[in-house]
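Trainee: Residue numbers (the working numbering), protein chains in the order written: chain B, 1478 to 1909; chain P, 1478 to 1909.
Note that these hints are calculated values from the structure, not bench results.
Misleading hints may appear alongside valid ones.
The list treats identical chains as one, so a pair stands whether inside a single copy or across any two.
To be verified - Each computed PhoX-like pair below joins lysine-lysine, with the alpha-carbon atoms no more than 20 angstroms apart:
no.	residue 1	residue 2
1	K1868	K1901
2	K1707	K1868
3	K1749	K1690
4	K1660	K1550
5	K1550	K1882
6	K1578	K1641
7	K1615	K1578
8	K1868	K1843
9	K1515	K1836
10	K1799	K1502
Only a predicted model underlies this, so the values are computations on that prediction, with no experimental measurement involved.
Residue-level listing of the chains:
Protein chains: 2
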Amino acid sequence: MNGSTVTLMDINKERLETIYRFAKKYSSEVKSNINFQKTMDRKEAIKDSDFVINVAMAGSHEYYEKMRAISEKYGYFRGINSVEWNMVSDYHTIWGYYQFKLAQDIAFDVEALSPDAWLLQVANPVLELTTLIGRTTKVKVIGLCDGYYTGRRDIAKALGLNEKEITFVAIGLNHDIWVTEFKKGNEDLYPLFREWIDKEYPSFYKTWYEEVKSNPLAVHVSPVMVDMYKTYGLIPVGDTVRNGTWKYHRDLETKKKWYGPLGGFDSPEGWKFYLDREKKEAEKIKNVVEDPNIRVSSLFPSEPIGLDPVVPVINAIANDKKSIIQVNVLNNGAIDGIPNDVAVEIPAVVDAKGVHIDKSYKLPTKILNFAIRPRIVRMEWALEAFLEGGKEILFEWLVDDPRTKNDQQVEEVINALLSMEENKEMAKHFRG
Amino acid sequence: MNGSTVTLMDINKERLETIYRFAKKYSSEVKSNINFQKTMDRKEAIKDSDFVINVAMAGSHEYYEKMRAISEKYGYFRGINSVEWNMVSDYHTIWGYYQFKLAQDIAFDVEALSPDAWLLQVANPVLELTTLIGRTTKVKVIGLCDGYYTGRRDIAKALGLNEKEITFVAIGLNHDIWVTEFKKGNEDLYPLFREWIDKEYPSFYKTWYEEVKSNPLAVHVSPVMVDMYKTYGLIPVGDTVRNGTWKYHRDLETKKKWYGPLGGFDSPEGWKFYLDREKKEAEKIKNVVEDPNIRVSSLFPSEPIGLDPVVPVINAIANDKKSIIQVNVLNNGAIDGIPNDVAVEIPAVVDAKGVHIDKSYKLPTKILNFAIRPRIVRMEWALEAFLEGGKEILFEWLVDDPRTKNDQQVEEVINALLSMEENKEMAKHFRG
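From just these sequences and the hints, can you work out the full model?
Mentor: Rendered as structure tokens:
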């Protein structure tokens, strides 16, 4: 990427300044000659780009925490947004009106100002937003998530395998991916995995349990992984284990049973841990920027570019370095049994010509039926809510929910959420 | 149908004898020259047929009532089978193991013994069974239901329209059909319908309310019809109003609010009323057979062949009388947004060459998303349960159900149902 220009854009001036200085400092440390720009004007940032990376969250964590608190007041533990196969806390679907609008507006800008650019949709909900942008614009969009990479790392480590020596194909929907090929050379590793569950998991579990006492985010090898494998027949990867039915998420007690003493990533304590960590990371970045004695590299002891597929995708396309990368793109026949206009997550060949889906994948009917189809229904509902509005759609989202005791509860929670000062525009969208 | 042979088949000798005598008596009354046969051997009945009509219910109403009672003991009002968009009481899906097996076995027999025959699948669940047979056999299957016809009749009557003068196209899935075209000549009747709701429904409702005090089966013009129209945007027809979300079915009180003082067709009282009526009908048939002074025709004052599309379909195919008939067939592109291998209900041209789907229909996304897609998920789950077995599938059916308080409740109701003496074979299927 030598010689390229990276334009950072934020609506928050202070944050923009910090990350700009951070980037410049890092760049000079590693002696890159990337030209950094900064702007608070989105259109200026997007104009004439080759790649646009959307990592924005409209509102803020605080905004969603406020909606979560209101939901819980009316009996909706973890918020009305958290439903079967959408239990990941920062995956804002039904209440993501502003997030959808922002992502679509960015895509419209790309369409108008950089029609040949690749839009890398990193901000969640990747499934909904990649599908939305794929359906409603002509933009070349790729949804990207690090879940596959962190999941693969943790599973390989747990089984004592060298990540680089294995074939580990996981397909499905974002946060709902399943290992269809697990091999070392020609050797199927599923028998080894089953043996590991039977013989080693009980003692592995003890070590894991000790770890999650202080780190609730270590979920990839939780008992949910084992239980999902036994229930659905394939290994769930990455954030898939944070997902699932109410079996794992009914209440705090249930979450503790499955995800350890803090209740896992998406419990009150786990999520607070995550938000606090995010704040600390932001503080660290500020410190690095302000303290000439700290090197940026010291923040990343071993993985300077992290596990994110963003740089590999840009490298593959911009430099024509043919690579297999885990991407989210409209299905178009890649996975049997999933409609063509739904964004699937698959490993695809990426090069200067783009993303190539050169084969057709299959999922067992059990996974299609119980993990994929219900998730697609919720995705369609969230898109319908955003595209069409109508208060009755919010009602439909909740009427069959196991947390709902009666219609009044649904009416009340919807009204409370739409009455928030921050939700004026959203209320207009839904109430007409 | 002059000169044709109709073979009646039943595993119950007494019932077979009664219906055989009933048919012969009616035939002689109307001076038809149909040749009636009877047999208790299914294969004999099916061999060399042009049409096979499956109206069989495996087990009996009592068997399903027993499963319903056990379900209710564990907190599942109206049974584990009754879930969102499958609230019709005799539509046995997840607990329909024997019903699915019987229907598939009949289809296999048709495939082997009368491969050119048309199989008319009248027994419910028409959606599941038509799809199952369409997917797993080469049989020419048509699912048939009278819901469209009785619904059209009742709606036309309520609005003071002559049924014969209107275009009334309803499409979707069986028990989940919606009026996409409602016209008299070129005049769209939807404005008239809206006016009727605003101006006349309040007084119409009072008359309706008086009627359902003694006849809980009068549901087609219940407030649910109006509410579904307002929620989803099109008129629901026939048994569609008995369906829907938990909004209409959460508990007896809710059912009474929507379906009148007895709680409608699919309430404890309503369903008992229906089963009692069925018993009385059977008694009447017995009486007619045994009493030479009663004519069969006296049982059908005005509609000798009822509203069922069975005879019209046979007439259209056998006599090449081109007709438009409401049928259930695999979609194959008939309705946009529904997979090709799902049985849809549509009006189709039927003649000697079969069923012709010569146009493509569209449903509003709101109906596709909220009424059709969730129903297809349940259909797929019921088929998976039948084809693959596995106790975990019964668990998945209930884990996200609003009636479920915890996993133990699910385990207990499943174990109680599978422990029934009648369910030995079913238990083996699910427990392996």
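Trainee: Check each numbered hint from earlier against the structure, then list the numbers of those it violates in ascending order.
Mentor: 4, 6, 9 and 10
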